[in-house]
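S.K.: Residue-level listing of the chains:
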Amino acid sequence: MTDLKLFLRRGRALGGIPKIPFSGAAPMPHPGGYNIFKYYFVGNVSTRLLQIIPYMAFDMKTKKTSNPKPARAAAQTAQGHAPAAISISKLAKHYGKGDGMVKAVDGISLEVYKGEVFALLGPNGAGKTTTISMLCGLVGPTAGSATVAGFDVSKEPLKVRQEIGVVFQAPSVDDLLTGWENMELHALLYGMGNEGKKERIDFLLRLVELDGRKDSKIREYSGGMRKRLELVRGILHRPKILFLDEPTVGLDPQTRTHIWEYIRKLAKTENTTVVFTTHYMEEAEQFADRIAIIDHGRLVATGKPHELVDGLDGDTVLLKVNDPPAAMRIIGKNKSASGVKRLDDGKIQFTLKGSHSALPGLLRSLDKVESIEIRPATLNDVFIKFTGRQIREEEGEGGWAERAMNNR
Amino acid sequence: MGFLKGAYAIWYRELLVFFREKERVISAIITPLLWIVAFGGGLGASISVNGMNYQEYIFPGIVSMSVLFGSIFFGLYVIWDKKLDFLKEVLVAPVPRSAVFLGKMLGGMSDVIVQICALLIIGALLGFVSSLTGALLALFAGALLSMCMVSLGLIIGAKMSSPEGFNLVMSFVMWPMFLTSGALFPIENLPNYLEVVVKINPMTYGVDLMRLALLGTTNFGAGFDLAVLLGASIVFMALGSKGFEQMQLS
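Sequence lines, in order, name chains W and G. Numbering-wise (the working numbering), the first sequence opens with residue 64 and increments by one. Numbering-wise (the working numbering), the second sequence opens with residue 108 and increments by one.
These are computed hints drawn from the structure, not numbers from a lab. Please note that a few of the clues may not be correct.
Stated by the list, open to error - Straight line, CA to CA, 16 Å or less: simulated EDC-like cross-link-like pairs of lysine to aspartate or glutamate:
id : chain 1 : residue 1 : chain 2 : residue 2
1  : W       : Lys218    : G       : Glu352
2  : W       : Lys416    : W       : Glu370
3  : W       : Lys261    : W       : Asp274
4  : G       : Lys189    : G       : Glu352
5  : W       : Lys177    : W       : Glu283
6  : W       : Lys280    : G       : Glu128
7  : G       : Lys189    : W       : Asp238
8  : G       : Lys190    : W       : Asp238
9  : G       : Lys266    : G       : Asp188
10 : G       : Lys129    : W       : Asp238
11 : W       : Lys416    : W       : Asp376
Said to hold, decoys possible - Label pairs and their calculated CB-CB ranges:
id : chain 1 : residue 1 : chain 2 : residue 2 : range
12 : W       : Lys218    : G       : Gly338    : 26 to 36 Å
13 : W       : Leu221    : G       : Val304    : 37 to 47 Å
14 : W       : Arg269    : G       : Lys349    : 40 to 50 Å
15 : W       : Arg361    : G       : Glu130    : 40 to 50 Å
16 : W       : Ser150    : G       : Glu130    : 32 to 42 Å
17 : W       : Lys280    : G       : Ile137    : 16 to 26 Å
18 : G       : Gly272    : W       : Ser208    : 43 to 53 Å
All C-beta atoms in this analysis are idealised placements derived from N, C-alpha and C, irrespective of residue type, glycine included.
Taking the hints into account, I'd like the entire structure generated from these sequences.
M.R.: Printed below as a string of structure tokens:
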């Protein structure tokens, strides 16, 4: 039982650390549905546990070596968080007029603290990119205000831009120029002096393993290489805040994992505040210190990923037992369990609050459990709770609307 | 300081791209040559202007044409920057939009000046350029015309959102400006009702200045040509800077 407890705690207790699925597949979403971790114990418990152990060790190690939180804690103020790097107040952007008016962003207020990794999570077309564009001063807000790195985006856009780095969703490197030339151009545009410039460009290119290809034209780069180049270009001028708009969209799972390794490495070595948008819940859950969920231009929820998830009724548990009616009675009496029902295949499904501590006790009171299946509550469940929809539902339509907007 | 550095950065990028896109350089030189050799040669066999060999007469006009087309096309290239999203990188940099405009304009002028040099060398080989002074003056006239026309192209490019408008710009801006400028025939030959168009067309004065440099004949005089071209350039540059400031990216 101790081992089971440890296992159940794994994902939650080490929140913010990449979760490695047991199957060995990449920890990124796949179209069919995701975050459905199926763990069967009957018959091969020992082999499963053997598989778990190395991953736990991995998690411990990552926590120690790559989590930059201790440094952040030192910078925290008496209120329990670092001072704001970005504060947004009732920010709105409307396109068009009259009946055809689209409220791309509809009055968002939030704060991003210094040194944190912050995610704007929402379906395509939710207003994430428009929000970032306003924070970078590329798009003027219709209403509201935003302060970025101490400067008002509407009043002092140039000062804001000097302090930020931006990596766009679509590649914005010049494909006729070489990797090195793109970096040099960026240095010029940000008014960097020549002193140490070459060393810094070399250092960053080495960091993302592009030093061997620095004299190749971008045309000859793969999608992942372009993205890596954009990442280091975005921090070349040592910005205080780095904006990443869908940093991993369109990349294969392996490249995604790499990109995130780089982002975390960069955030740590440069002590940069990172704000990224994504419609992949896993990315937000794994890599962000705090998340803002956005839908239809409105802020739905903000908080630390595990806090948001813990605010739900709990994880979904599926049990296969010998005597379902008896088991259902027992589960029904348990205070942490809710929504007990019997599925067509005879399994019992229920939602269990604090499952990592409640489940072992519950299992002990049941007779002969044949299999256990746990679906940990995810940000998707948070999204469903607040909007009544799956985060993915509108992807097709939203994508279209976003494209239509881009073509205006 | 940031202003000049920013403008320099943009200009530097345009130069790098220009010399890398060899197709652009080659086509920019082949088209005017076709005009001179095929059009000028074919038509010139039967006519002469003011007792002058027709090919020799239209050479300054064709150089001006290549300045006009090269410059405006360069300006319209901003649309490709928008499409390829490179413009975002530039617009999100801490560089004033007016500096971006200036860098672009200098970049376009540099491209066109390279083209003019190539054409003047070929013209000298064909016997249309008689003196080095003439060639240098022609280069100056071309640069001035280019400053005016790149700015105009950038104004249009900043407003346009898709390449579909290219043909409209060709039909309503480039061809009328070319055909009413006196590049191919003396402007006196045009119908009277076109006189206003001829007079308000900055290209007319560019062709006149170019012809003065290479052939020594002029309709309006060097001072007037210079004044009009400079004036138009200043107006277009102001409008272009404004256009860049208002340029929105979604």
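S.K.: Work down the list of hints and note, for each, if the structure agrees.
M.R.: For each hint, the structure was consulted:
1. With a C-alpha separation of about 14 Å, the suggested pair W:Lys218 and G:Glu352 falls inside the 16 Å cut-off, and the hint holds.
2. Taking the CA atoms of W:Lys416 and W:Glu370, the gap is near 13 Å; set against the 16 Å cutoff, the hint holds.
3. A distance of roughly 12 Å separates the Cα atoms of W:Lys261 and W:Asp274; the hinted pair therefore holds under the 16 Å criterion.
4. Pair hint G:Lys189 plus G:Glu352 holds up; C-alpha atoms about 14 Å apart against a cutoff of 16 Å.
5. A distance of roughly 37 Å separates the Cα atoms of W:Lys177 and W:Glu283; the hinted pair therefore is violated under the 16 Å criterion.
6. At roughly 12 Å between alpha-carbon atoms, W:Lys280 and G:Glu128 fall within 16 Å of each other, so this suggested pair holds.
7. Restraint check: the Cα-Cα separation between G:Lys189 and W:Asp238 comes to about 13 Å, which is no more than 16 Å; the hinted pair holds.
8. In summary, the hint linking G:Lys190 to W:Asp238 is supported, as the alpha carbons are separated by about 12 Å, within the 16 Å threshold.
9. Under the criterion of a C-alpha separation no larger than 16 Å, the hint pairing G:Lys266 with G:Asp188 is consistent with the structure, at around 13 Å.
10. Taking the CA atoms of G:Lys129 and W:Asp238, the gap is about 15 Å. The hint holds against a cut of 16 Å.
11. With a CA separation close to 6 Å, the supplied pair W:Lys416 and W:Asp376 stays within the 16 Å bound.
12. At roughly 35 Å, the beta-carbon separation of W:Lys218 and G:Gly338 lies within the given 26 to 36 Å, and the hint holds.
13. Distance hint check: the CB atoms of W:Leu221 and G:Val304 are about 42 Å apart, consistent with the given range 37 to 47 Å.
14. Range check, W:Arg269 to G:Lys349: Cβ separation about 43 Å, and the 40 to 50 Å hint holds.
15. Roughly 49 Å separates the CB atoms of W:Arg361 and G:Glu130, a value that falls within the hinted 40 to 50 Å.
16. Taking 32 to 42 Å as the suggested C-beta distance range, the pair W:Ser150 and G:Glu130 does not conform, at roughly 50 Å.
17. Distance hint check for W:Lys280 and G:Ile137: the Cβ-Cβ separation is about 25 Å, which falls inside the suggested range of 16 to 26 Å.
18. A beta carbon spacing of about 36 Å between G:Gly272 and W:Ser208 contradicts the range 43 to 53 Å that was offered as a hint.
Violated hints for the displayed structure, listed by number in ascending order: 5, 16 and 18.
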